[in-house]
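Enquirer: Spelled out, the chains give:
Protein chains: 2
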Amino acid sequence: MTAGQMKLGAFLWATGHHIAAWRHPKAHVTAGIDIDHYIQLARTAEAAKFDMVFCEDAAGLREANVGIASQTSRSIGFEPISLLSALAAQTSRIGLVSTASTSYNEPYGLARTFLSLDHLSGGRAGWNLVTSASPIEAANFGSTGLRPHADRYERAREFAEVVARLWREKLGSGHDGQSFSVRDPLDLPRSPQGAPVMVQAGASDVGRDLAARTADVVFTAAQTFEEAKAFYDDLKGRMATYGREPDDIKIMPGVAPVVAETEAKAREKYEELQELIPDDVGVALLSSYLSISDLWRYPIDGPLPELPESEGMKSRQALVIEQSRRDNLSIRQLARHFAGARGHWRIVGTAAQVADELQARFEGGAADGFNVMPSYFPGELDAFAKLVVPELQRRGLFRTEYEGRTLRDHLGLKRPA
Amino acid sequence: MTAGQMKLGAFLWATGHHIAAWRHPKAHVTAGIDIDHYIQLARTAEAAKFDMVFCEDAAGLREANVGIASQTSRSIGFEPISLLSALAAQTSRIGLVSTASTSYNEPYGLARTFLSLDHLSGGRAGWNLVTSASPIEAANFGSTGLRPHADRYERAREFAEVVARLWREKLGSGHDGQSFSVRDPLDLPRSPQGAPVMVQAGASDVGRDLAARTADVVFTAAQTFEEAKAFYDDLKGRMATYGREPDDIKIMPGVAPVVAETEAKAREKYEELQELIPDDVGVALLSSYLSISDLWRYPIDGPLPELPESEGMKSRQALVIEQSRRDNLSIRQLARHFAGARGHWRIVGTAAQVADELQARFEGGAADGFNVMPSYFPGELDAFAKLVVPELQRRGLFRTEYEGRTLRDHLGLKRPA
Numbered sequence: 001m002t003a004g005q006m007k008l009g010a011f012l013w014a015t016g017h018h019i020a021a022w023r024h025p026k027a028h029v030t031a032g033i034d035i036d037h038y039i040q041l042a043r044t045a046e047a048a049k050f051d052m053v054f055c056e057d058a059a060g061l062r063e064a065n066v067g068i069a070s071q072t073s074r075s076i077g078f079e080p081i082s083l084l085s086a087l088a089a090q091t092s093r094i095g096l097v098s099t100a101s102t103s104y105n106e107p108y109g110l111a112r113t114f115l116s117l118d119h120l121s122g123g124r125a126g127w128n129l130v131t132s133a134s135p136i137e138a139a140n141f142g143s144t145g146l147r148p149h150a151d152r153y154e155r156a157r158e159f160a161e162v163v164a165r166l167w168r169e170k171l172g173s174g175h176d177g178q179s180f181s182v183r184d185p186l187d188l189p190r191s192p193q194g195a196p197v198m199v200q201a202g203a204s205d206v207g208r209d210l211a212a213r214t215a216d217v218v219f220t221a222a223q224t225f226e227e228a229k230a231f232y233d234d235l236k237g238r239m240a241t242y243g244r245e246p247d248d249i250k251i252m253p254g255v256a257p258v259v260a261e262t263e264a265k266a267r268e269k270y271e272e273l274q275e276l277i278p279d280d281v282g283v284a285l286l287s288s289y290l291s292i293s294d295l296w297r298y299p300i301d302g303p304l305p306e307l308p309e310s311e312g313m314k315s316r317q318a319l320v321i322e323q324s325r326r327d328n329l330s331i332r333q334l335a336r337h338f339a340g341a342r343g344h345w346r347i348v349g350t351a352a353q354v355a356d357e358l359q360a361r362f363e364g365g366a367a368d369g370f371n372v373m374p375s376y377f378p379g380e381l382d383a384f385a386k387l388v389v390p391e392l393q394r395r396g397l398f399r400t401e402y403e404g405r406t407l408r409d410h411l412g413l414k415r416p417a
Numbered sequence: 001m002t003a004g005q006m007k008l009g010a011f012l013w014a015t016g017h018h019i020a021a022w023r024h025p026k027a028h029v030t031a032g033i034d035i036d037h038y039i040q041l042a043r044t045a046e047a048a049k050f051d052m053v054f055c056e057d058a059a060g061l062r063e064a065n066v067g068i069a070s071q072t073s074r075s076i077g078f079e080p081i082s083l084l085s086a087l088a089a090q091t092s093r094i095g096l097v098s099t100a101s102t103s104y105n106e107p108y109g110l111a112r113t114f115l116s117l118d119h120l121s122g123g124r125a126g127w128n129l130v131t132s133a134s135p136i137e138a139a140n141f142g143s144t145g146l147r148p149h150a151d152r153y154e155r156a157r158e159f160a161e162v163v164a165r166l167w168r169e170k171l172g173s174g175h176d177g178q179s180f181s182v183r184d185p186l187d188l189p190r191s192p193q194g195a196p197v198m199v200q201a202g203a204s205d206v207g208r209d210l211a212a213r214t215a216d217v218v219f220t221a222a223q224t225f226e227e228a229k230a231f232y233d234d235l236k237g238r239m240a241t242y243g244r245e246p247d248d249i250k251i252m253p254g255v256a257p258v259v260a261e262t263e264a265k266a267r268e269k270y271e272e273l274q275e276l277i278p279d280d281v282g283v284a285l286l287s288s289y290l291s292i293s294d295l296w297r298y299p300i301d302g303p304l305p306e307l308p309e310s311e312g313m314k315s316r317q318a319l320v321i322e323q324s325r326r327d328n329l330s331i332r333q334l335a336r337h338f339a340g341a342r343g344h345w346r347i348v349g350t351a352a353q354v355a356d357e358l359q360a361r362f363e364g365g366a367a368d369g370f371n372v373m374p375s376y377f378p379g380e381l382d383a384f385a386k387l388v389v390p391e392l393q394r395r396g397l398f399r400t401e402y403e404g405r406t407l408r409d410h411l412g413l414k415r416p417a
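Top to bottom, those sequences are chains U and L.
Letter by letter, the first sequence follows residues 1 to 417 in the UniProt record's numbering.
Letter by letter, the second sequence follows residues 1 to 417 in the UniProt record's numbering.
Among the hints, erroneous ones may be present.
[What the hints assert, rightly or not] According to the in silico footprint, chain U covers these stretches of chain L (three or more CB under 8 Å from chain U): (1) 28-41; (2) 88-100; (3) 186-193; (4) 349-362.
These aren't lab readings, by the way, just hints derived from the structure by calculation.
Owing to the predicted nature of the structure, the values given are computational and were not obtained by experimental measurement.
From the three backbone atoms N, C-alpha and C, an ideal C-beta is built for every residue, glycine too.
Isolated chain U, as found in the complex (with noise of 0.2 Å):
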């Protein structure tokens, strides 16, 4: 690892990011089962020597309303888990990250799976910590409905620390809990990274203490330069708290570029994505960000409703409250804004000018690297390893080969004692 290189994520997600890649001429319809597709991304990510691929997971639909859900790029797909051991096997160098709730979960059982997909991957595996704050995936694990934020916080931060126990072999005498009870160390030598990654994403002032408290990455959602800088200091700043160095955690903004050989072309590309997206996908769309169910009935011109707190995602709440404040935004506008880059940065423009944004939010302190969400599967993940990383390379911004082995080794983390 060279200490002035940043890392880079390839999330990969179904036909693509942009809510209506389904829709785009090139789109590959049924991408979400079809692992041949998986293996080419990954390859093509390996080739251009990322840090890692990155799934996201909800166990259930991602939408209530089974009509929008049907007009989403994400209504079907592999759980992750699977289709990352078989990533795996296909593949020699790439981390290979996935989500898993700690909600849905033991914490024996998941810390087991990872270190299974972390051994036969030979110390490529990281998990992502998600709370789940979806009602639909509630509905599916029992009736008593989605916990309360500060519960599901509570319970993950006991989850997250059985977990690294379990991966670091300090169980002692095993854990008993409030939420977990665990006796026995898992049934796996230790991994060969020293543990698997930890990923969270979690912004809200709880989610960020126990990021600071556990995580080794941070993926996270930011439109300006000020929001990741705001973000990014906050987070390091927590980490002495809980004796950890600013350097232990690498935090991954979302960044969702559309890049061509001109801007036009560029430009060109991104509006004719924009075009495709229909009105009322992108209005539940913008209502699942809000955890709402009734914004369609507000006028579509006019301004978001003042709006009550939820139990939902909290951090995800308030970057749509804060861009539509910021922008003066119409519900149609937020909408096709949010839809565009489901809530995450866009660059859109020639390989130098959306390496000119990395570099500006990398050297100025506002990333470590950025987890790349490209708008259409294969070919714009194909468009950013042919522009963007060998721009990156000639600038001595990224590697141009992977200097170890493991995940840990690429993103430059301690191995665990």
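Assemble chain L onto chain U, guided by the hints.
Expert: Here is chain L on its own, set in the frame of chain U:
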């Protein structure tokens, strides 16, 4: 599928099924976490046209005494979903069956993961339902201890019903039952084979009823032809109660062959392994089969003591007690006998002798096929593939090429409506 042909599974198990396999001079001691080892085994089985590879599972150590656990073949190993997903990417035709517990999973998550494996393997997945009889596992999933046998099976019945409905897209308005509540369909399309294959192994009365109600394949243990035949007839006879045909379920007892070019060489190989069993390990294994902890207190050359009722795996207890009475064996003799083949049917001989025995049980109506449990890997799987499979093929008892693409095709099972 030819009606007159038997089904064959290759039961993969780290170093090998013989409890002392890890002490064998040809043993691969870290086989349990060597993915290349497993890829080699799966490819050998696929080249020999086996219907499936089969993995057992337990989320925890297999033996409470860590000293003993460390002396057996399977003290460490991959979690099987991640393992089989990796193998899916390195094979193209062979079925992939993994064990998973109804006690420590939720039906929505389990149904989703197996359907994902099914999609990424092109319709080759199967789930072996177990209720988890081990108190060691129970202690890693809460502090309430092992559930009683009847409760485990009641939960398993509801679990299997929900999974079958999710796989067959028959959830309707959801499920709201005693143990589980599930609202939505899975976020995956219908299986390439209609639904993943359901496997079971419980042999108690309630276990047989559950199999007759829901299973496509039953894995079982029978020492003698009479035991095998009685089980076969009983289970096939229960099918009508659930509106199913006898041929809708394939009964595949375990078989632990030791095969060589001559009978003398086969005997020599077997004795070499048997001599490697330490008495304390044999007694510990026997204790775990009997679900008692103090067997070591009794004289090793004396008979099995009278045993109390237990909440462990009733079918294995009955098998041991039956054998002890039939042959009037001492604890040491019983321990060696069971340790050698882990309670399963042992055949030692030439390819013709092994084929004779398999043919007799198959044609005698005591088995639809066999789950082959090689003593050590890869040597004994190679020997079976090289010597026994061609002999079965010559007799017209086993396929020379796959007839279809899915596990259901191989097994000759109906595609669920």
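Enquirer: With a Cβ-Cβ cutoff of 8 Å, does the segment 186-193 of chain L contain at least three residues near chain U?
Expert: holds (count 3)
Enquirer: With a cut-off of 8 Å between beta carbons, are at least three residues of the segment 88-100 of chain L near chain U?
Expert: With 3 residues close enough to chain U, the hint holds.
Enquirer: Tell me if chain U covers the segment 28-41 of chain L under the three-residue, 8 Å CB rule, please?
Expert: As far as the segment 28-41 of chain L goes, the hint holds, because 3 residues have Cβ atoms under 8 Å from chain U.
Enquirer: When I compare C-beta atoms, does the segment 349-362 of chain L have three or more residues closer than 8 Å to chain U?
Expert: violated (count 0)
The structure fails hint 4 only (numbered hints given earlier).
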